[in-house]
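Asks: For reference, the chains in residue letters:
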Amino acid sequence: MTEEYEVFLGCAIPNRFNNYESSMRTVAEALDIKLLDFDGASCCGTVVLKSIDETSWLSLSGRNIALAESRGHDIVTPCNGCYGSLKDTDHVLHEHEEQRNAVNEILKELNLEYKGAARIRHFVEVLYDLRDKIREKIVRPLTGLRIAFHPGCHLLRPSTVTGFDDPELPRKVDELLELTGATSVSWTLKLRCCGSPLLITSEEVATQILREKMESARDAQANCVVTNCPACHTQFDVQAIGLKDSAGESLELPALFVTQILGLAMGLDPEPLGLELNRISLDPIREILGIE
Amino acid sequence: MEDTWGQFKSFEGAKFEALSADFTREVSSLIGGQDLTACFQCAKCSAGCPVSDKVNIQVHELMRMLLFGLEEVLETDMVWLCTTCYTCQERCPQGISITDIIFGLKNMAFKRGIRPKGYVVARQGLFDTGRLYEPTDWEREDLELDDVPEFDINDIQKMFKKTGLLELEEKEDA
Ligand code: SF4
Ligand code: SF4
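Heads up: the protein sequence lines correspond to chains A and B, in order.
Residue numbers for the first sequence follow the working numbering, so the first one is 52 and each next one is one higher.
Residue numbers for the second sequence follow the working numbering, so the first one is 1325 and each next one is one higher.
In case anyone wonders, no lab produced these hints; they're calculated from the structure.
Accuracy of the hints is not assured; some may be wrong.
[Stated by the list, open to error] Result set (DSS-like, lysine-lysine): computed pairs, CA atoms no more than 27 angstroms apart in a straight line:
no. : chain 1 : residue 1 : chain 2 : residue 2
1   : A       : K295      : A       : K241
2   : B       : K1339     : A       : K159
3   : B       : K1482     : A       : K166
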């Protein structure tokens, strides 16, 4: 059965992680997931707008949901920020009549209405449902890959809103990653925030958090970091460039997206997986990944 | 790089004379704010908070300041250094929606002009373009990705004019 979703990309992926979109589309195609264009999609508002003004955030985000809803479609997004924003909006508008009425009053001018019929999913949720199919398609085992998987905050928390995995002991995406023969290592600070939301407030504090994360990944002898979010990935594949511990040792680790790992292990065309756009060198794990 | 954010760095030497019941009431009316009095100061929230060792006022202290009606809470670095990771909210034994309350505090602080510069810039960008970042077209062409779907910015601005996004500032600060 073909599954069909409007794909909500957000702003960060088309801006700096087109390899995530491209690898997602490649994996989706191989698994027969149909991704429809999300006409009229704006920014999700994310925690930035929610921090500034709740009503503006609910309106912007509610408009996106109402658009997909008006076309009778469900929504899938590969971004934790967009996922959190859309799910949280959906939750608030569903639970709080006052906010729902206020937002619908605003949406009325655009001939839209939020009713709450569109289902909102993260791309990894969809993948998890298809794990049996993925298992069958693994042709190129990634034996020796030791992944520090970073689930990110808004995929898991608040669990009353996302409802995806155990918020304290998540295993679902790890299970997907281990289908490839890789090991998802357990690392002390796995569930800790990457710090990326603080880049707008204090790069210094954001970097302190990142340094702690990378030291934890190193302690667990990971040879790469894997994420399912462009905001987190900004920390691991951009801000981590040149990052050192207090002794001056490099803390860089190759950083990949979940979809790139799965695509490689499924033996898909490496070109659209966009590995040449990963900023931190993949050299230490090139052989394991089976790429030139 | 900036210093740790926030003007109000420590309780040391601070005197709190006026406890504002109105402020506590205002916070209680936020989404998630109704449970404020349930906090029994176990500090589990601060134990798992990624910035506990990077702020002077930790999140359990912030919670107590709210109950005491201390408006100075809006000047603590905890408000804008909260990453919104929801760890505290997930773990609070009293089921308090801590992070949602902090979002409300960020809104209140923003209105009063207590906010990092980046947020003022982001607000203008969202109003002008409806996006936080623009697509990088050459990368998309290289990967043979289609253009990002379009939208009418007038629709977005119509909404933001209604919500008053560009004029949130309270009069006395304006
Ligand atoms: S975890 Fe909950 S009850 Fe405990 S101090 Fe924090 S807010 Fe209060
Ligand atoms: S949501 Fe904010 S206050 Fe709560 S644990 Fe995360 S950073 Fe700390």
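Asks: Compare the structure with each hint and give your call.
Replies: Each hint, compared with the structure:
1. A threshold of 27 angstroms between alpha carbons decides the hint, and for K295 (chain A) with K241 (chain A) the separation of about 19 angstroms falls inside it, so the pair holds.
2. Pair hint K1339 (chain B) plus K159 (chain A) does not hold up; C-alpha atoms about 49 angstroms apart against a cutoff of 27 angstroms.
3. For a cut-off of 27 angstroms, the pair hint linking K1482 (chain B) to K166 (chain A) stands: about 21 angstroms separates their Cα positions.
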